[in-house]
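So you can see what is in the structure, the chains are spelled out below.
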Amino acid sequence: MIELAHFQLLGAALFAVGVYGVLARRSAVLVLMSIELMLNAVNLNLIGYAAFADFTEAQRALGQVLVIFVITIAAAELALAVAIVLRLYRNRSSVNMDQVDLMKW
Amino acid sequence: MTIGVEWAWVIPALSASAFVVVALFGRWLPTRGAFVSVAAVLLGFVLFWFVLADLLANGGGTFGGGWLVLGDVNITWGVIVDRLSVTMIGLVTFVALLVQVYSVAYMRGEPRYGWYFAAHALFAAAMLALVLADNLVFLYLAWELVGLGSYLLIGFWHEKRPAAEAAKKAFITTRIGDVGLLIGIILLYRATGTFDIGGVIHAVENGVGAGLISQATVNLSLFLVFLGAMGKSAQFPFHVWLPDAMEGPTPVSALIHAATMVAAGVFLVARLMPLFEMAPGVLLFVAVIGLFTFAFAGALALVMTDLKRVLAYSTVSHLGLMMLSLGAFGMAAAILHLLIHGVSKALLFLGAGSVTHGTGRTDIREMGGLWRAMPITAITFTIGAASLAGLVPFSGFFSKEEALITVLDERGLAFFVPTFAAALLSALYMARVTFLVFFGANRGEGEAHESPWLMTAPLLVLAPLALVLGLATYGWTDAYQGFGYFLSGKAAHASPAWLAGLSGGLVAAVIFVSWTRYVGRPSWLPGAARYADPRDPKVYPVTGHAPAWRDRVHRLLVNGYYVDEAYQWAIDRVFLALGRLVALFDRVIVNDTGVDGPALSVWLSAMRARYLQSGLMYTYAMAMSLGAVGLALLWWLAA
Chain H
0 MIELAHFQLL GAALFAVGVY GVLARRSAVL VLMSIELMLN AVNLNLIGYA
50 AFADFTEAQR ALGQVLVIFV ITIAAAELAL AVAIVLRLYR NRSSVNMDQV
100 DLMKW
Chain B
0 MTIGVEWAWV IPALSASAFV VVALFGRWLP TRGAFVSVAA VLLGFVLFWF
50 VLADLLANGG GTFGGGWLVL GDVNITWGVI VDRLSVTMIG LVTFVALLVQ
100 VYSVAYMRGE PRYGWYFAAH ALFAAAMLAL VLADNLVFLY LAWELVGLGS
150 YLLIGFWHEK RPAAEAAKKA FITTRIGDVG LLIGIILLYR ATGTFDIGGV
200 IHAVENGVGA GLISQATVNL SLFLVFLGAM GKSAQFPFHV WLPDAMEGPT
250 PVSALIHAAT MVAAGVFLVA RLMPLFEMAP GVLLFVAVIG LFTFAFAGAL
300 ALVMTDLKRV LAYSTVSHLG LMMLSLGAFG MAAAILHLLI HGVSKALLFL
350 GAGSVTHGTG RTDIREMGGL WRAMPITAIT FTIGAASLAG LVPFSGFFSK
400 EEALITVLDE RGLAFFVPTF AAALLSALYM ARVTFLVFFG ANRGEGEAHE
450 SPWLMTAPLL VLAPLALVLG LATYGWTDAY QGFGYFLSGK AAHASPAWLA
500 GLSGGLVAAV IFVSWTRYVG RPSWLPGAAR YADPRDPKVY PVTGHAPAWR
550 DRVHRLLVNG YYVDEAYQWA IDRVFLALGR LVALFDRVIV NDTGVDGPAL
600 SVWLSAMRAR YLQSGLMYTY AMAMSLGAVG LALLWWLAA
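Protein chains in written order, with numbering that gives the first Met the number 0: chain H, 0 to 104; chain B, 0 to 638.
Derived by calculation from the structure, the hints in this document are not laboratory data.
Just to be clear, a hint being listed does not mean it is correct.
Said to hold, decoys possible - Derived pair list, reagent style SDA-like, types lysine to any residue, alpha-carbon separation capped at 25 Å: (1) Lys-167/B with Gly-357/B; (2) Lys-159/B with Leu-423/B; (3) Lys-103/H with Thr-618/B; (4) Lys-103/H with Ala-605/B; (5) Lys-489/B with Glu-204/B; (6) Lys-103/H with Lys-167/B; (7) Lys-103/H with Lys-489/B; (8) Lys-167/B with Gly-198/B; (9) Lys-103/H with Met-616/B.
Everything numeric in this text was worked out from a predicted model, so none of it was measured.
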């Protein structure tokens with residue numbers, strides 16, 4: 000029997016993997032993928048609550064709507080991020096995050 | 000509707016309106032507005048007679064309306080019409096009228112002719128408001144306007160550097176005293192709760208008796224008020240501005256010395272006389288300052304070689320005598336001397352202006368024998384000088400007599416003897432200046448000529464007054480029982496015959512000695528005329544001809560006891576050093592530490608903190624993650 004706790008545990012694990020990836024990976028592409036992992040971990044939580052918790056119909060529908068929104072915005076954001084990474088590669092012939100320190104004083 | 004005491008306020012208002020009209024529209028008026036100013040003061044003088052007549056017939060009073068209500072304080076635009084203020088109104092309008100008429104000729108051709116008359120009107124209006132004011136705030140306002148008027152007129156030729164400097168000096172010196180006056184007024188208000196002069200006097204009279212107001216408060220506030228009077232009336236140590244004020248046009252000097260400005264200080268003490276009588280210590284101080292100034296300035300007048308400077312120091316000296324009379328409880332004697340001195344000094348200054356106009360010179364060593372060329376000026380000037388010298392039938396004799404007897408009766412011999420000596424000094428310098436200018440041989444070059452009638456006419460009006468005004472000292476009818484009785488209701492001190500004889504005789508003797516010295520030795524006196532040479536050492540004192548101590552004394556006097564130098568030293572060494580210290584404090588503590596300090600520390604910490612921005616993405620991500628974990632922990636712990 001699948002319960003809410005399973006959704007939460009899977010979501011937490013996925014989020015932790017995403018955080019680790021963002022912090023530890025050097026490649027910008029992998030960092031982006033890790034961010035996607037975190038987003039999806041959140042989505043899992045939302046869906047889990049929408050499916051199991053003792054909410055009203057309207058509230059559970061709201062959880063699903065929120066997931067659709069997150070997916071949409073993640074797609075848009077990823078398009079932008081990939082474009083930035085592409086420009087980065089054109090300019091620096093590398094997508095190594097260690098070498099990208101433009102965002103400072 | 001009859002014109003009477005209720006109309007007194009119109010007199011200053013007329014001149015004030017004339018100031019506005021002439022200052023704003025003078026350039027489009029004929030004679031550039033001078034006639035407006037003259038007409039205003041003439042009307043004022045006419046009104047004065049109506050006010051005087053009504054005052055004598057029906058008595059005076061206080062008239063006015065509200066001006067400001069600040070909390071419980073009600074300040075009015077009120078005028079006091081009493082014998083003191085009306086007497087002053089008469090003097091001020093009269094002298095201002097003559098001086099303005101004289102100025103029409105004297106100032107002809109000046110580039111700022113209209114402005115001169117505008118400033119004149121302002122000056123007269125301020126002085127008239129000052130003598131009429133019934134409360135201390137209004138009085139202080141007028142007092143400061145008098146200062147402004149003097150500044151504008153002394154500095155009338157402000158293209159000349161000395162004139163600009165003199166105007167500044169007059170303004171600042173009197174301002175120093177005015178600060179005292181302002182604090183004194185505030186202290187009086189704190190003690191009594193009113194600005195109304197009558198109310199203050201009443202409250203202090205009752206308050207001191209009932210123990211509500213301490214004697215120390217009265218003493219301190221009156222001392223401070225007297226500081227203001229010292230500044231305006233050029234008493235030592237504030238006298239320094241007055242000789243320098245000679246840089247202004249000569250008619251201005253006549254006005255300042257006779258009717259406005261310097262009379263203000265004497266008037267203020269006279270107006271507050273009931274208060275001063277409750278502070279005998281302060282009154283003694285007034286007497287000491289007056290006596291010191293009387294003698295001190297008289298000696299200076301003796302050695303000055305500039306005609307106007309002689310007259311200036313003579314004014315300082317006579318103001319000292321007025322203050323001394325006030326210090327001897329002699330309000331009537333002081334005001335009488337103020338009147339007679341005012342008339343005589345206006346005459347002398349206008350005469351001096353006429354001499355300058357006729358010869359183009361101001362140095363008395365370059366004059367002599369001018370009576371041939373300028374008979375009217377010579378005769379009128381001599382009458383004025385004789386009046387101030389205190390020669391017997393002239394009016395100055397009577398007022399000086401009043402002052403002397405007041406001092407003798409109230410302050411005793413210790414004050415009387417120096418006063419008497421200083422009075423002889425004034426006879427000596429007046430004789431010296433008259434003889435050097437109008438008699439003896441002409442030491443100057445070039446032609447002298449008599450002045451136009453507009454300038455001699457005021458002289459001819461003033462001279463008879465300087466001759467006979469002294470008769471007003473004594474009562475001649477039952478209706479008029481002497482000036483002292485007229486003014487204060489108290490009978491004047493009876494002048495003993497021995498004093499009249501002594502002072503009259505000594506003054507005559509002093510003048511005779513002066514004649515032998517500066518004009519020539521009469522043939523019936525033994526000894527030859529030793530100083531026939533016009534460049535003789537009596538006229539041109541040179542070092543080396545006299546014993547060394549006399550040179551030293553002469554140098555000391557010519558330099559005015561080095562008071563100006565002492566002030567300059569004090570300003571350079573003390574005030575500027577203090578100023579530099581304050582400036583340093585301001586720069587280092589206030590500016591560099593107080594204002595720039597926080598700004599600098601923000602900048603410095605920003606310079607350190609910016610290295611937190613590594614630009615590496617994962618440092619930001621790590622900080623964000625740790626922050627989120629921290630927040631979660633906090634939330635969890637708190638729950």
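Hints, one by one, checked against the model:
| no. | hint | verdict |
| --- | --- | --- |
| 1 | Lys-167/B with Gly-357/B | violated (30 Å) |
| 2 | Lys-159/B with Leu-423/B | violated (37 Å) |
| 3 | Lys-103/H with Thr-618/B | holds (12 Å) |
| 4 | Lys-103/H with Ala-605/B | holds (14 Å) |
| 5 | Lys-489/B with Glu-204/B | holds (19 Å) |
| 6 | Lys-103/H with Lys-167/B | violated (62 Å) |
| 7 | Lys-103/H with Lys-489/B | violated (95 Å) |
| 8 | Lys-167/B with Gly-198/B | violated (36 Å) |
| 9 | Lys-103/H with Met-616/B | holds (10 Å) |
This entry does not satisfy hints 1, 2, 6, 7, 8, going by the numbered hints stated previously.
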